[in-house]
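K.L.:
Given chain A, put chain B in place with the hints provided.
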Amino acid sequence: MIAEERLPRVVIAEDDDDMRSVLCELVSGLGVQVAEASSGGDLVVLLTDDRPVDLLITDVRMPWMTGFQVALSARNSGIAVPIIIVTAFPDDTLRAQVENLGSAVLLAKPFRPEELLSLVRERLPRPAASA
Amino acid sequence: MRLARKMILAMVACLTVVFAANAYYRIRRERAAFDRDMREDHAALAQVLGNAITTVWKGSGRQAAMDLVGMLASPSQTLHVRWIDKDAASLRSPHEDQIVTDAPICFANECHGFVEISESLDVPNAYAHHTLIRTTVVTLIGLGCAGLVSMLVGIWFVGKPMQQLLDKARRIGDGDIERPLTIRQRDEIGELAAEMNAMCLRLVETRYALRAETEERLRAQEQLRHADRLVTVGKLASGIAHELGTPLGVALVRANIIAGNVASTREVRDAARIIGEQIDRITHIVRQLMDFARGRSSTAPGPNQRRQPANLRKIVEQAVAMLTPLAVKRNLAFELVFAENLPEPPANPEQIEQVLVNLVVNAIHASERPGKIVITVAASATHPPADVTPPVFVGMEQPRYAMVSVKDEGVGIGPDILPRIFEPFFTTKHVGEGTGLGLSVAYGIVREHGGWIEVTSVRTKGSCFSVYLPMDVAEII
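Chains as they are written, first to last, in the working numbering: chain A, 1 to 131; chain B, 1 to 477.
For reference, chain A alone in the conformation it holds in the complex (with noise of 0.2 Å):
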């Protein structure tokens, strides 16, 4: 199958660079393919090119469009890739829009490696061949 042919791809979307590349390093060291988005915008752009995606990692405050409203949408147009979101402020109006969502989770940061890299984990499609 084509799916075992490739890399898992997972987008990150982080508009704090350091931040951003924290979750890069973390996420390729499992292994998979990395795309990096700075804004709302960016992911948009990135969700709908006709490249796969195979998870789905954002920060909820982001310039121009906020990572919720980015996997909502994204949701609306039928992209069901599993979602981790991660914020600083995860209260339970979030907590509720993120379960509604549907095969999405919250993260709050600031988390430990070992709490990002056990969700990403559990949601990639197969446990790539170690690199």
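Rather than coming from a laboratory, the hints here were simulated on the basis of the structure.
Note that the coordinates shown come from a computational prediction; the quantities given were computed from them, not determined experimentally.
Hints are supplied without guarantee of correctness; some may be wrong.
Computed spacing ranges between beta-carbons, pair by pair [stated by the list, open to error]:
(1) B:A381 / A:Q97: 45 to 51 Å
(2) B:A381 / A:D91: 44 to 50 Å
(3) B:I417 / A:E115: 30 to 36 Å
(4) A:T48 / B:I417: 21 to 27 Å
(5) B:A272 / A:T48: 38 to 44 Å
Okay, the calculated bits of chain A under chain B, using three or more residues with CB under 8 Å as the criterion [claimed, not checked]:
(6) 10–23
(7) 88–99
(8) 111–124
In silico EDC-like pairs for lysine to aspartate or glutamate, Cα to Cα no more than 20 Å straight-line [unchecked claim]:
(9) B:K235 / A:D92
(10) B:K160 / B:E195
(11) B:K235 / A:D91
(12) B:K160 / B:E188
By construction, the Cβ of each residue, glycine as well, lies at the ideal position given by its N, Cα and C atoms.
P.N.:
Just chain B now, kept in the frame of chain A:
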């Protein structure tokens, strides 16, 4: 009392006129009747005397007739009789103050003279005078009695209740609407008193209703304020979490890399440098938060509050000097417009400079292409917008303000986010450019000075932030 007195005086005057007219006509009528009786008596007497004297004269001669006349002319009587020869008609008595009647003595075709009967009018005059005095006295006594009685009645039924009504009206005017009137008369005054009592009752009811309503409103307001505080605290907490979460997360991951003991020396050094940078970020945020908190806590007016006539030109020039390098880097020029007779509002100069710096920094960040930033200082007599709460002024008839505006040609603010720009931690800036506290701090400072900030903005054309500071702060709520 005065009303009763007027009524009594009017009544007495009427009675006086009626009594006087009645007495006048009665006396005149009696006098005329008296006169008529006397004249009739005289006429009869003259005829009898004439006949008698003629008879005597015919039988016994002239002398006997004259003797008879002399006998009749007794000086003791009020009635005088005397003989007047026909040649001495000029001797006749005058007709003033007496009634005079003549009886001619004529026989054998010759008039020999006449007998004159005269009577003084003293008696009827005295009678009329007496009647007048008696009538006057009786009238006066009657009037006195009537006046006294009507005065007593007037005081009892009009004067006293009127005084009570008057006192009550004055008490109502002074705000005392307790103690109802106890006038039990069944007339207009009684009805008026009852209506007044009813009115007071309604006033009492209204007053209680109003008080209850006011308390209810205050309670609702307090609840709203509480809810508002909770919302603000929530926003503040969310803002702090957002701002601190990212650098903490970065630092945590880098610390893990160091602790993992598998990274190269270079990686460890990089990780440590990044941790240091994140801590700097956190420190900056904490410092801004403290500025924000300090701005808030100086709300209470006290000796620390250093308000003096602020030299706005100096403040603007200082702020511009400080920010010129930043502006130059973005190809922006400042244009300063100072009106003549610059106003000097009572203000804390450092705080106002902070407000200006925050506004100008925002203007610089909003300008994505080369252009200018116009700062204007002028006096203004505008009125604060209705939605500025708490109200800006108490006891000022002619509000006067100093206005400082900062106008940019930047990206502008959309109507969707315009209402939120003064919220703490609200920002549309890129990471590292702002914490979302600048406008909150500015807003807080300006409100403490009794002023407000007005914003006009058009997307892609630019924004204008105008700070209004009151010239006379009579009392700031």
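K.L.:
Confirm or reject each hint.
P.N.:
Consistency of the hints with the structure:
Take A381 (chain B) and Q97 (chain A): their Cβ atoms lie about 49 Å apart, and the range 45 to 51 Å holds. Taking 44 to 50 Å as the suggested C-beta distance range, the pair A381 (chain B) and D91 (chain A) conforms, at roughly 46 Å. I417 (chain B) and E115 (chain A) have their C-beta atoms about 33 Å apart, which keeps the hinted 30 to 36 Å range intact. For the pair T48 (chain A) and I417 (chain B), the beta carbons lie near 25 Å from each other, so the given range of 21 to 27 Å is met.
For A272 (chain B) and T48 (chain A), the hinted distance range of 38 to 44 Å is satisfied, since their beta carbons lie about 40 Å from each other. With 6 residues bearing a CB less than 8 Å from a CB of chain B, the segment 10–23 of chain A meets the requirement of three and the coverage assertion stands. Residues of the segment 88–99 of chain A lying with their CB closer than 8 Å to a CB of chain B number 3, which satisfies the three-residue condition for coverage. Proximity of the segment 111–124 of chain A to chain B, defined as three or more residues with a beta carbon under 8 Å from a beta carbon of that chain, is established by the 3 residues found.
Under the criterion of a C-alpha separation no larger than 20 Å, the hint pairing K235 (chain B) with D92 (chain A) is consistent with the structure, at around 14 Å. Taken as a hint, the K160 (chain B) and E195 (chain B) pair is honoured in the structure, with Cα atoms around 18 Å apart against an allowance of 20 Å. Proposed proximity of K235 (chain B) and D91 (chain A) is supported: the alpha carbons are some 11 Å apart, at most 20 Å. Under the criterion of a C-alpha separation no larger than 20 Å, the hint pairing K160 (chain B) with E188 (chain B) is consistent with the structure, at around 14 Å.
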